[in-house]
Structure formats: structure tokens, C-alpha cells
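Asker: Here's the letter readout for the chains.
6 protein chains.
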Amino acid sequence: MTTEPFAPSLDPFLIRPLVEAALREDLRSGDLTTEALIPPELSGRATMNFRVAGTVAGLQLAQTAFEMLDASAKVELLAHDGQGVEAKTSVLRVECSGRALLSAERVALNFVQRLSGIATLTARYAREIEGTKARLADTRKTTPLLRLVEKYAVRCGGGKNHRYALDDLILIKDNHIALCGGVEAAIERAKARIGHSVKIEVECDTLDQVGRAANAGADILLLDNMPPDVLKQAVEIVAGRSLCEASGGINLTTIRSVAETGVDLISVGALTHGATNLDIGLDVEL
Amino acid sequence: MTTEPFAPSLDPFLIRPLVEAALREDLRSGDLTTEALIPPELSGRATMNFRVAGTVAGLQLAQTAFEMLDASAKVELLAHDGQGVEAKTSVLRVECSGRALLSAERVALNFVQRLSGIATLTARYAREIEGTKARLADTRKTTPLLRLVEKYAVRCGGGKNHRYALDDLILIKDNHIALCGGVEAAIERAKARIGHSVKIEVECDTLDQVGRAANAGADILLLDNMPPDVLKQAVEIVAGRSLCEASGGINLTTIRSVAETGVDLISVGALTHGATNLDIGLDVEL
Amino acid sequence: MTTEPFAPSLDPFLIRPLVEAALREDLRSGDLTTEALIPPELSGRATMNFRVAGTVAGLQLAQTAFEMLDASAKVELLAHDGQGVEAKTSVLRVECSGRALLSAERVALNFVQRLSGIATLTARYAREIEGTKARLADTRKTTPLLRLVEKYAVRCGGGKNHRYALDDLILIKDNHIALCGGVEAAIERAKARIGHSVKIEVECDTLDQVGRAANAGADILLLDNMPPDVLKQAVEIVAGRSLCEASGGINLTTIRSVAETGVDLISVGALTHGATNLDIGLDVEL
Amino acid sequence: MTTEPFAPSLDPFLIRPLVEAALREDLRSGDLTTEALIPPELSGRATMNFRVAGTVAGLQLAQTAFEMLDASAKVELLAHDGQGVEAKTSVLRVECSGRALLSAERVALNFVQRLSGIATLTARYAREIEGTKARLADTRKTTPLLRLVEKYAVRCGGGKNHRYALDDLILIKDNHIALCGGVEAAIERAKARIGHSVKIEVECDTLDQVGRAANAGADILLLDNMPPDVLKQAVEIVAGRSLCEASGGINLTTIRSVAETGVDLISVGALTHGATNLDIGLDVEL
Amino acid sequence: MTTEPFAPSLDPFLIRPLVEAALREDLRSGDLTTEALIPPELSGRATMNFRVAGTVAGLQLAQTAFEMLDASAKVELLAHDGQGVEAKTSVLRVECSGRALLSAERVALNFVQRLSGIATLTARYAREIEGTKARLADTRKTTPLLRLVEKYAVRCGGGKNHRYALDDLILIKDNHIALCGGVEAAIERAKARIGHSVKIEVECDTLDQVGRAANAGADILLLDNMPPDVLKQAVEIVAGRSLCEASGGINLTTIRSVAETGVDLISVGALTHGATNLDIGLDVEL
Amino acid sequence: MTTEPFAPSLDPFLIRPLVEAALREDLRSGDLTTEALIPPELSGRATMNFRVAGTVAGLQLAQTAFEMLDASAKVELLAHDGQGVEAKTSVLRVECSGRALLSAERVALNFVQRLSGIATLTARYAREIEGTKARLADTRKTTPLLRLVEKYAVRCGGGKNHRYALDDLILIKDNHIALCGGVEAAIERAKARIGHSVKIEVECDTLDQVGRAANAGADILLLDNMPPDVLKQAVEIVAGRSLCEASGGINLTTIRSVAETGVDLISVGALTHGATNLDIGLDVEL
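Protein chains in written order, with numbering that gives the first Met the number 0: chain P, 0 to 285; chain D, 0 to 285; chain Y, 0 to 285; chain S, 0 to 285; chain F, 0 to 285; chain Z, 0 to 285.
Worth flagging that the hints you see were computed from the coordinates, not collected in a lab.
Careful, some of the hints might be misleading.
Said to hold, decoys possible - If you want a taste of the chain Z side facing chain S, the calculated C-beta under 10 Å gives, among others:
#1 Glu34
#2 Ala35
#3 Arg98
#4 Gly216
As the list claims (entries may be wrong) - Calculated cross-link-like contacts (lysine-lysine; reagent style DSS-like; alpha-carbon spacing at most 30 Å):
#5 Lys87/D <-> Lys172/P
#6 Lys132/D <-> Lys190/Y
#7 Lys190/D <-> Lys190/Y
#8 Lys172/P <-> Lys73/D
#9 Lys73/Y <-> Lys73/P
#10 Lys172/P <-> Lys190/Z
#11 Lys190/P <-> Lys172/Z
#12 Lys190/F <-> Lys231/S
#13 Lys73/Z <-> Lys172/F
#14 Lys190/S <-> Lys231/F
#15 Lys172/S <-> Lys190/F
#16 Lys87/Z <-> Lys172/F
#17 Lys231/Y <-> Lys132/D
#18 Lys172/S <-> Lys132/F
#19 Lys132/F <-> Lys190/S
#20 Lys73/F <-> Lys73/Y
#21 Lys132/S <-> Lys231/F
#22 Lys172/Z <-> Lys87/F
#23 Lys231/Y <-> Lys190/D
Unchecked claim - Rough simulated footprint, nothing fancy, chain Z against chain F, three-plus residues with beta-carbon under 8 Å:
#24 224 to 237
#25 270 to 278
Note that CB positions come from ideal geometry on N, CA and C, so glycine has one too.
Just chain P, with the same shape it has in the complex (with noise of 0.2 Å):
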């Protein structure tokens, strides 16, 4: 066994009351078309295929969409999520009723479309920083109900999940640290009040404040909409002893730059929140 890590994948116990909302969603009291027009004992098969090139991310969800209608169908995936492919790449085989075939298929490229989209544009933001010591993050800027299979999708394009929620980072902004009385006082407060297994994360707007966190104990420093040089400068203050972390309005275009100051991650909001869906068919065989 080596320390290559496994193609990432969802555990169906986690999705499935996901998929099974999102199909009552569309289905509502029932396919129309399909209960008039097709034979409940016809059978179909369908491949879902990547008109273009892209990180593939949430086949998973089609496959348990297919399932979830047909107890009995057969799916098979024909790559692994995190993969990148090609355009007219087949991702997925199902065989099924065409009933369930032509019923979960809005939901199964919705899921796949959007997943992909994600990883696809994370893939390029990882590719710019590869080299650098510089890990690309997400942020909670997520579709809201998604956050689960958007920052899986992150993870798919080889990015790296920031906080999930407000309950497992402690993250102490300008306001925080007004009312608190200082950047000190602020920390001090926090570590009173939380368990040793949370990180403390503090938002920085000047070298000043850096160089305080870092002495007060801070885990990650927040380098908020800082140019290249004065994060080299941060990176230099605070020399190792907390996590520096860049963000705010960071594109392709600029994101390299960042990466080389030597900052250890750069989170991108737009991972999640400026990503579209990814051009996906499923081509279907009744």
C-alpha cells in the first residue's frame, strides 16, 4: 500500500437523502410522459457522456437517482470521480426500466452537470499553483443545501475544504476584535471557550495585525485582500508559526502570483459560487 489517495467517493448513506429529495423535487406526483407513454415492463440503457473535457464529480448521485426508481438497475461507472477526461468520454452505463431511465435522468445530469462544473473549474485553479507550496481552499460560499457534495466536489478537482460549517473553526474578524479589545484579548477569549480539537483562524488587514495573531497564538492567519508583496512580507513575519492563508478576489489571472509569496493555501469563493454547469448528455436506448 502506498500513500497515493483513493479516488474520492461518497458513501451512499451520506447522498441518499439528497438524491431521494431531489427526485421528489422533479417528480412531484409523477412523470406524466412516461406513466402514458411508456410500458412499465420495457427496459433501457443510457450512457452519460462529457460533450466536453472536464473533472468528472457526483456519479455517484446518478448512479443512486437509477437505483433509487429501479431497486434492480444496473449501473457501472466508467470513470472514477476526480478523473479528468476528454470530450465524448462515457462516465456511466446504466441499464434499467425505461421508465426509471427517462424519470431520474433531469436529476442524475442536474447533480453530474453541476459536480463537474465544480471540479472542473478547481482543477484549473490547482493547476496554476502546482509548484508552489500553496494548497488551494473553498470557502462556505456554496449553493445553500449542497455544501456537502459541493465541497466534495472541490476535493474532486484537487482542492482542499476549508471550514464545512460555523462549528468547526473559530475565525475572529475586525468586529470580533473590537468588541473584544484587541487581537490578544480576542484569542485569549476564544481559547477559554473552545475544545482543544478547533483551530483558531484570525483575519488580518495589516502587516500589525499579523505579526500579533501570530505571537498570540493564532493556528491560521487570514490574509484578507493583501497584493503579493505584502503577503511575501506576512509569510516572513509570521515565519511558520501559523498557517497563512490567502483570500479575497483572487482569479486565474493573479492567482499564481499569490501562490509564489509562499503563503500555505489561497481560498477561492468562486470554486463553488462562479462555477456553471458542465456540458453533459445522457444519451439513452429504450
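Fit chains D, Y, S, F and Z to the given chain P structure using the hints.
Answerer: Same frame as chain P, but now just chains D, Y, S, F and Z:
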């Protein structure tokens, strides 16, 4: 009273489950930072501001988020959904407990950013076809679990909603036609099964199909991926017997020429699946 | 393949939440009698039998109930939903654990008795208007939480479904007309707001309204409480421009004369709100 | 204070999930007609009126429906559940937003019509046995998911509730007796398993069983399908040791003769499964 | 077949929602450690072992937990619920995917540890009163949301269940008696309201109340905090007309003397609220 | 403002679903006794009183229970969560309808008794290690479905929370190390997969593992079942590079000696799984 439409609005009863689920997704076991650093008795104020120009959508979702965490929150809408605003416009003012303000911030923004992104994109498409008889429509290519509010955002942007789910329109495609032995047989079978309040749409790839479907009494024809000159012929063949809907690969560059063919409506999946979040911020004062 | 409709059926995915809720309502903390007196390893057999003649509806709900309590239950349908059967006809045979058999019995029967009651009543109404062009339709006067299956039962009995809910048809009544300043203005405003897949129905109490609504492009006219001779005049005025729906106080005695006026459809609330359970039993052999 | 019972009432906490589910079933993505035609600021008034004489049940469900769609709705109950009223009696007055009024109307009526139908039928049965010692009871033959309110409606009509679910009474039937090797063994085994707060009822088809079950300490005997003269003998055999319950095929014509046999209670499934909706309307003024 | 009770068991249908909620509480967005370090194709084995002697309860909950995360898990119960086992006894063997094994471990243990703790404590109480006619009963002092399984654990330990909830027994206390103007009036009013399947219990603090409640036909008397000699007098006064239940501050030291007074049952809140988790481990082999 | 922590509190938004579920579990179809005997218009008062000395936790849950059954309930907290109180201290006063008071009583008490039991036990442990640098932490050995409030109760008692769920900390155990081929490889693989906001803890059974894990950059070392002298050596080896957590079989007698070894934290499962309910009563006045 005139026939002017009211500003679009979302009934709180309809969106409450969605906002609650989004808050639970983000809060999980609680907002650690806020609980550690913000005194419970502190109150705060904030305004939500468009950083860029755009069309407003989703303010009630933001309002509901603040009210859910603080029953005595005072929220004032400074713009209405559907309104086009300039950059640096304040669209909502909230005064509530500081804890509720910070804990609801991300959810409130995630909703308004995404929905205003959709409304803004829709408005751009709608402007392109002004003066023609064509109406702009969305599709079922929405984010899973958010169809209710994404289709609402399309209306805010001046678009129309195509069918909501699989149970409120019959849409006959090539597979169905082949299975039934012809477009006439398929329409006949559909009519025999469904109620009188449901319309029947038929996907047509050729002008021959167009004529046969119109003859057979289809309410709507989905003219799939036809170039403008063919669309124009289709409209002439139909001669008002059915609604003509153009669909497939239409973008901001091509939509005008499509609209000028005389089709009744143009459906564009990109309104929802190709929109990105609009840059909108919450400026907090504790 | 012919255009014959398939036997109606309910997708298990759609009814599972309903059957599960019904079982939890009846079992609560468990079936005390069964747990105390029936050995867990005992298996049993039963047939479900119509004690009177009627039209079958809801067998999948019974099947699902048994399968939910015993995943290895074997259920055989001896009739299909929509089939008319004589008294003393067996419609379902089940073999499963004795505990599951007894614990699911009441829920299985409550569903089939109520739905077959509706289907049987619907079939009686439908027979009355055979040979006319009129179709029979239900209303929204269904038992709360059971609309999905009660409207299905109407289809089993040969009826058509009117709108499912408040979001799939515009129905303009006198109050709306008064508020909008006339039937034409009301229709115009409705058309300006809704998508092209939604039909517009207008309630008409007078022949004057009938003419104006048909002129204004209403898809359906609800002819409310009109006697047959007035209905006949309405049909003539409309002359095929809109569908004519007769409604209001129509019963088994009067429906034929209504149908013979030439209306397109007749909606009868009693199909669901006036039906009583059919006498159906489960004969158990442990 | 006297021992007079209070008017029956339903705790809002108990019915809220039911009313909410019913509203969501009817509204789905929204009330299209109301949103298109009714200005949001318009308020309205309505009274709910019995078109026929009957017994009132379910007014709190209607009240809750209006309040759920308009938190500032003012609802006044003009009658109380359990009250017998004449035709043309107003039982509820509501003043709220016009949109809420129209959107909640159908759900409010569906509940009150069905529950008042049950209460009215129950009251007719109850009147037949006035002056005898027999009490009238319902069964578990209720509409799935509505047991809570249908059993409440039986109480409104003057009936008593038999067991609510499978976990609050032991009911030993012939199959159980056969499996246990006799009525005495079955009762003994049941007593060995259950707590002291649960009663034991035994179904008896013969007078021999009646004697043995009473001897063995059954709390209640279910005298199934016995004619009045046999019931009378059963009552004599029991001599007050157990409660005697007559059941099976009892209708309005036969119930008096059954009650005069001296049985303690008479259970009638038709109270719930044989009731139809009462004619009740909402007269709206916008 | 004898009248021997079967081993107690929990129907999977009843516990599935509970186990699923517990797994979602523990897994949230996924088991990070397992996903990072355990290959998905690895399978594992484990045995669940009692570290101390005790009474087994809740094995089906553990079984369900493993099966929910791995549908092909093989679980073998090596003991049955209600069985007393020695320290170092293996009670369950599971073979499933290594990921499912580790992810379900804590939930499986938390259930079995708590429920076996309750069963073991109950069994100790039950042993103390062996040979008397008194039966041991629980109360409603259970952990919120776990009543179903905690009352089941009491049965596993040899106890009986008192009422499950507020709707399956009338329990008249001093406040009620004062409000109604006397114990007789309170019982009368209760009988006038409830069905015949519900028992009536009256809390008695004095021997005078005991006599009056028995005379008035109470099914059960709750003899609250009475010393053994007073209990004995109460039993004599009642003379079998009602069941006598001793309650209040009874512990392992005093329960025998209470049981010897001749009371029918003794209810002990500590069975559930005073139990601690039993030391039980899962020995894993990957 | 000082760095003093605020009194701990639970956001009503977070606990509402829990309290509602607990009330529905106890009320089911309604509180029979209250409905039969308490007039709806009667109001009442009560105080919640500690019968023994202890640490308060969970008052908001009680408050929410009363408010849920009576929206106009007036609840006054006489103590705050986290406060140590003497026996016979009143901690909450409520005035509401008599029905709500009696129906919510058991749920309110069950929550406060259990949570105060945990807080009180935690406070005893915490007192034992006062003056050392060690902090006290809980584990995931909580009652299923109650983790949110049980971990809150630990904070009320002066303890810290260890990880909340399987997704907010990496915890590498011996099985993982064996599978990965060594502690260094396991840590490396974990770091390659997770985000920067997640800490990594490694379970160490030997001093050799301690050194290797600290060298490899583990954030926390779980020193499992080590006697004090070995713990002391481990602390010296680590020399501040990682946090040292002592765990395994630590009780009130041994915890002081563990704390004096210089470890950073001590986790004790018994805080939650070994706590019993505290004796707290509600004294009602109707």
C-alpha cells in the same frame, strides 16, 4: 387598479423550510466564533449592498434568515425583487442581535447572491429580445432542491417559467414517438391518459414532424436546435395552431435572431445552470 | 403496440412515504398483541377479498405495507388496479411472517377499501355518461394528505384528474374578476404572469361571461351550476374556442342530462368527498 | 365546577404538522391564481357556513390553516366543536390578507367538511342508543394519516374512542387462540408480557368462548357478529366480570336493538369509514 | 408451544429511524479518518464483547447500524436480548467493509452500552423481589427521544412497562382532585371522557384516599411514598378491587420490604434515569 | 468588557427540533388526563427546584417546552446554566395555562435532570484538577440523538468539548497505523487528504509511538491507558510539539495524579455515559 403586475414576491410559508435547512446546514451544532466572542445582549445593524449593477432577487430569503435567528429582528427592504439596481445600492437593512446578524450572514448572502445572479442573467437575455413577440423561458436544469427559488429568480429577471416538474406538462420526445408508432399515436395516447388541465408539447427535429404534430393537436412544439431560417418555416407551417418554442444552444449572441423568426417562446437552460453568484456584501456595524 | 392505455399503477417511490407514515401511525411503539402471542419465526398466508362488486384501486399500497414489515414478503396481485371485479373476488395474495401479516393488515385494508371505494363510485358516474363526448373529472375536494392516491383512484375508476394543486392551473373566479375590473383584464393579467405551460380557466355564472371569457382566450370555462338548457347555449356560444366544464351539484341522477349538452367535461367533487370505504377483507391463515 | 365535560378541543401543538402538510400538498410551488391576480396588500373577510344541519368538528384546523398563511389573521369561532347546528349557521369568521384567505380556503374546508361529516354521523348513531347503558365507540378503520383528527371528530359527535393504535390494547383473535392452545393460555401469555396499564380484549364468536374468556380475566369481550338474543345471553354469562362490546355489521337500523341487550359498548367502523363530507362553504368578501 | 415468552426483540421497522438519526449525528459530513486511511475495498471483522457481567439489550440496534452503512454486512447475534451473560462474553459478530465497521462502531456501542446498562440494573431490581407477587415497572423518566428503546431495555431486564405516554392511561393527581372537588368527581369526569380501553389510576397519599378511590372504581392506585406498614394497610383496604402500585424513592435496599407488603407492582424511575452505560467493547480486526 | 466567558446558553433555533420531538414522544395523541380534568381557561404557576446541590444545565430546554405548548407562557430563569446551586434552590419559574404546565412537565424535567446530572458530574471532575494545566474533555460516548445538549452540559460543568462528530478531527488508531505501514505514513496520508482547518490526533500506546507521532507533526497525542509515570515521560518527550491528551479508565480518584503529569487535557467518557439524572422537581400550583 391596472393590469401592471405586482412586484414578484415569495410567500414566507413556502420558503421557510428552505431557509431553515440552509441555516441548519451552516450552523450545525452552533456558531462557535459568535458564541465565544459576541455578548448575547449586543445588538447590531447591517445593510446588504450590491457591489455591482444587477437585478434583485431573493430578499425575502435573507429577511427570513435573520428573523429565524432573532424573532425580534427588524428588516427593511430597500429595493424589491425584480428591480434593476446600480452598483453600490443598498437593498436591505437589518437590525437585530449581533449574534443573529453574524450567524445568518452567510446564508442570507448565499441565497441573494445566487438568485440575483440568475435574475441578472435572465434580464440580460430578456433585453435582447425586447420588441419581439417571443417570451423567454427557463428549463428544469435548476440546482437540485432549489427549483422553487431559482424559477422565482427567473421571473424576477423578466423570464417566464416553463414546466415546474415532471407532472405538469406532457413532453413527447423522439423515443416516445418511436415507441408509440408515430407522433399522432403518441399524442392520442397522451390525451387518453391525462386531464384537460395539462398541455401537451412535442419535440420536433424536422419540418415534417412540425406539420404532423400541429395537425395532431399538440399545444406546444419544441423546435430543437433549428437554425433561424428553419424556425421561420416552422412558424409558418404551424400558423398559430400550436405555440412554437425554440430551444437548444441559444446564447446571448444568437437569441435575437431566433426571436425574430416569430417563435412564441425561447427556452434557455443557461438562465439557471449558467448563472454565477452576483457580488453582494453585508456591511455590518456592531 | 396499440394506443390502449396500460393498467394504471403507482410508482413505489411515490407511495413509500405515505405507506410508511400510515404504518407508523398504527404501530406506534409496536403491535402489542402480535409481539406477545405470535412467535417471530411463524409465517402466514392471506388473501384480500372483495366482499362486494367494485373497481379495484390501491393494491400497490397494500403490497408495500406488507413488504415494509417483512422484506422477504411474497405478494402476488390477482387483479390490477382499474379492474372491475365481482363480489368474492380475491385480488391479492401475500405470504410473509405472521407478525408482519397481522401488523400490516389494517393499514393495507384501510388504503384499498378507501381507494376502491373512490374508484367504484367513479366508475358508476363514468358509466352514466358513456357514449357522450363528456369526460368525468375530479376536484381538489380530497382528503388532506391523500391527494396523490385519491386522484389515482379516480383514474382507476375511469375519471380524469382536474388540477392537482394550486400551482398547475389558473382558475379565475368572480372575486378575481371584480378586483381586476373585468374578465378580459383578469385573463390579460394572468397571461402576463404565468408560463406558457399553464392553462387558464374562468368561472362563468352567466352566458354573457361565457362569451367574454371565450373571446378573451380562456382555455377552459367553468360553467358553474347551470341547468342543462343553459349549458347547451353556453356550448354553442363557445363553439370550440374553449373547453366547457360543467360543475356544481351534479349527481348520478343528473349527470347524463348534463353530459348530453355537449360539454367537454364534468367535474364532480363527490368522487372523492362522497365516497365511502368498500367492503374488502383479509382472510388470514397462520 | 361541575362534572360537565368541557367542549372538545384540539391542542394546536398536535395539529400543526397535519395542517402544514395539507397546505403544502395544496400549495406546492405557490397559488398561481392568487399571486397573479390578488394584490398582496389587499385584506379580506369570510364566514364559514353550514349549508345543512350537522355537528361541528375541526374548527381549530381551519383556524390554524388561515393563521399559518397570515400570522396576523383574526379568526373567531362562532360555534364550538361538538355543537349541533342548523343549516345556514355561521361557525367561523376570519379576517386576513386576501391571498391567505383564498390560498387556505380549500384546506380549511376539506378538514371541516370531513370531520363534521364524521361527527354528524356519529351523533346520529349516538342518538339511537340514548337511554341505554351502551356507549358508542369507533374503530381503527380511519383514513390513513388522519386518525388523530378522525377519532377526535368521533368524540365531537358523542362517541368514545376505542384503541388508538396497535400498542394500547391487547386484542386476542381466533388465530391467536389457536396458536396459543386456548383462550386461557392466550390471556395468560399476554398478561405475562404486558404492563399493568394495558387492558386485554378477547374476540368471542360463541357463548362458550364468552364464558371462558370472562373466567380467564379478560377485561373486555368483543362479541363479534352476534344477534341480539345471543348478545343478551352473553351479557348474562359475563355478569359484569368483563366489559361486553358488540361489533360487526351494526347500522342505524339495528343499533337500538343491540344496545338494549345490555352490552357496555358498541363499536361501529362506519363512523369513520362510512362518513361523507358535510356540505359547508366559505363565503368570501374581498 | 408453551406459554413461555419469546426472547424480546425490536422490529427493525420501528428502530430504523432512530439508528439512522444516530448515525447521521455521528457521521455528519462523513468519517474523515476512515475516508482518508481505509481503502474502500478492505473488509473487516469484529466482535462485541461484554467486559463485565450484565443483561443484554439492544443488539438489533447495533446490527441495524452496521447494515445501514454496508447493505451486505453479515451480523450474527451470539446472545439474545434479555439474556444474562458473564464478563468477557461475545454477544455479536459482524463482518463488513472496514469503513462501515469503523464508522458505525461508536453508534452501535452507545446504544448497546446504554440499553444493557438499563437492562442490567432492572434485572438487579427484579431479582430483589423474586418470589413476591409484586411486579417491577418503569416510569416516563426516560431519556428524551429514546423512550421506545429504553422501555424495551426494561423489558429485557425483566421489568414491565408502565404507561408509554400521556395518552394511554389516566393518572389523577392531587391537583386534579382539588380542581374537580374530590376523588369521586374526578374519576367520574374521567370516565365520562375516555374510551373503555383506557385505565384510570389515582395517586393516593393517605389511606382515606385509598379507600375512596377504590370505592369509586379506580383501576390502579398509585401509593406514593408510603412506608411498608402503611402500604400493607392500603392493600388490605383495597382488597383486590384495584391494582396497588407502590412508588417513590424505592431503591435496591428497600424494594424487598415494599414487595412483601402485597402490592401488585412497584414503579422505579431509577431503572432508566439512574442507569449508567455498561462496559462493552468492539474488538476490531481489519 | 473583560475576557470573562458569558454564561453558556443554547440558541433556541438549535434546540427547538429536539424539544418538539420530545414533546411529541410524550404527548402522542394528547394528554388524556389533562384534557379530561383541567379546564382550558385555567392558568397555573410552578417553580423548578433542585432537591440536591448541583450545577445547572438545560434551563432553556425547559423554557422552550413550556413555550411550545403555550405561546403566551411567561418563563423566568432564576439561575443560569453553569451555575452551582444548593439544595432547595429554585432555578426557573413559569406561569402559563394549567394544561401546558402539566403536559410539558415531564419533558422539561427529563431534560434538566439529565443535563444537570452531567454538568454536576463534570464539575466534580473539574474541581479535582483545579490548579493544574490540564483541561477536562468529553468524548463521543453520548446518548444517541442528544449529543448537542450533552456536550453543552459538559461545558456548563466546566469541561471542554472534544470532537463533536466523525468529521471534525482525524483520529488515527492502531488499525490505521498498521494498514498504512507506520505512524508517519498514516499522518502523511491524512494530511494529503484533509483541509488545513482539521487537526490530526494519533493514539499512542507506547513511548516510542509518542516520539514518532510528535516528530511526524501530529497536533494531538491520545495517550491511551498510560499510568502517571509513563504519562510524565510522554510529556517530556513531546516537549510542547503536540498537545498531550490522557485517556482511558480515569476516574475521580485517579484524575488528580493524571493531571499532575503535565498533560494538556484529560478526556473522560464517564462525564456523559456515567452520569445519572439529578433530583429536580417541579412544584405546581394551579
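Asker: So, for every hint listed, does it hold in this structure?
Answerer: Hint-by-hint comparison with the structure:
Evaluation of the Glu34/Z hint against chain S yields a held restraint, the C-beta minimum of about 8 Å falling below 10 Å. A cut of 10 Å between beta carbons decides the hint on Ala35/Z: the least distance to chain S is about 8 Å, and the hint holds. For Arg98/Z, the suggested interface contact is upheld, since its CB lies about 8 Å from the closest CB of chain S, less than 10 Å. Interface hint at Gly216/Z: violated, since its Cβ lies 51 Å from the closest Cβ of chain S, which is beyond the 10 Å cut-off.
Between Lys87/D and Lys172/P, the direct Cα distance comes to roughly 23 Å. Compliance with the 30 Å bound is thereby established for this hinted pair. Among the hinted pairs, Lys132/D with Lys190/Y is consistent with the structure: their alpha-carbon atoms are about 14 Å apart, no more than 30 Å. For the suggested pair Lys190/D and Lys190/Y, the alpha carbons sit about 24 Å apart, so the restraint of at most 30 Å is met. Only pairs whose Cα atoms come within 30 Å are accepted, and Lys172/P paired with Lys73/D is accepted, the gap being roughly 24 Å.
Among the hinted pairs, Lys73/Y with Lys73/P is consistent with the structure: their alpha-carbon atoms are about 23 Å apart, no more than 30 Å. Proximity of Lys172/P to Lys190/Z is assessed by CA-CA distance (about 27 Å); at most 30 Å being required, the pair is judged to hold. A threshold of 30 Å between alpha carbons decides the hint, and for Lys190/P with Lys172/Z the separation of about 27 Å falls inside it, so the pair holds. Only pairs whose Cα atoms come within 30 Å are accepted, and Lys190/F paired with Lys231/S is accepted, the gap being roughly 24 Å.
Only pairs whose Cα atoms come within 30 Å are accepted, and Lys73/Z paired with Lys172/F is accepted, the gap being roughly 24 Å. Restraint check for Lys190/S and Lys231/F: satisfied, since their Cα atoms lie roughly 24 Å apart, inside the 30 Å limit. For a cut-off of 30 Å, the pair hint linking Lys172/S to Lys190/F stands: about 27 Å separates their Cα positions. As the CA atoms of Lys87/Z and Lys172/F are separated by approximately 23 Å, the hinted pair is consistent with the 30 Å bound.
The suggested pairing of Lys231/Y with Lys132/D is violated, with an alpha-carbon distance near 37 Å, which exceeds 30 Å. With a C-alpha separation of about 29 Å, the suggested pair Lys172/S and Lys132/F falls inside the 30 Å cut-off, and the hint holds. Pair hint Lys132/F plus Lys190/S holds up; C-alpha atoms about 14 Å apart against a cutoff of 30 Å. Between Lys73/F and Lys73/Y the CA atoms are separated by roughly 23 Å; this keeps the pair inside 30 Å, and the hint holds.
Distance check on the hinted pair: Lys132/S and Lys231/F sit about 37 Å apart at the alpha-carbon level, beyond 30 Å; violated. Between Lys172/Z and Lys87/F, the direct Cα distance comes to roughly 23 Å. Compliance with the 30 Å bound is thereby established for this hinted pair. Between the alpha carbons of Lys231/Y and Lys190/D the distance comes to roughly 24 Å, so the proposed pair stays at or under 30 Å and holds. Under a criterion of three residues with beta carbons nearer than 8 Å to beta carbons of chain Z, the stated coverage of the stretch 224 to 237 of chain F fails, only 0 such residues being counted.
With a cut-off of 8 Å between beta carbons, the stretch 270 to 278 of chain F has 5 residues touching chain Z; three or more are needed, and the interface restraint holds.
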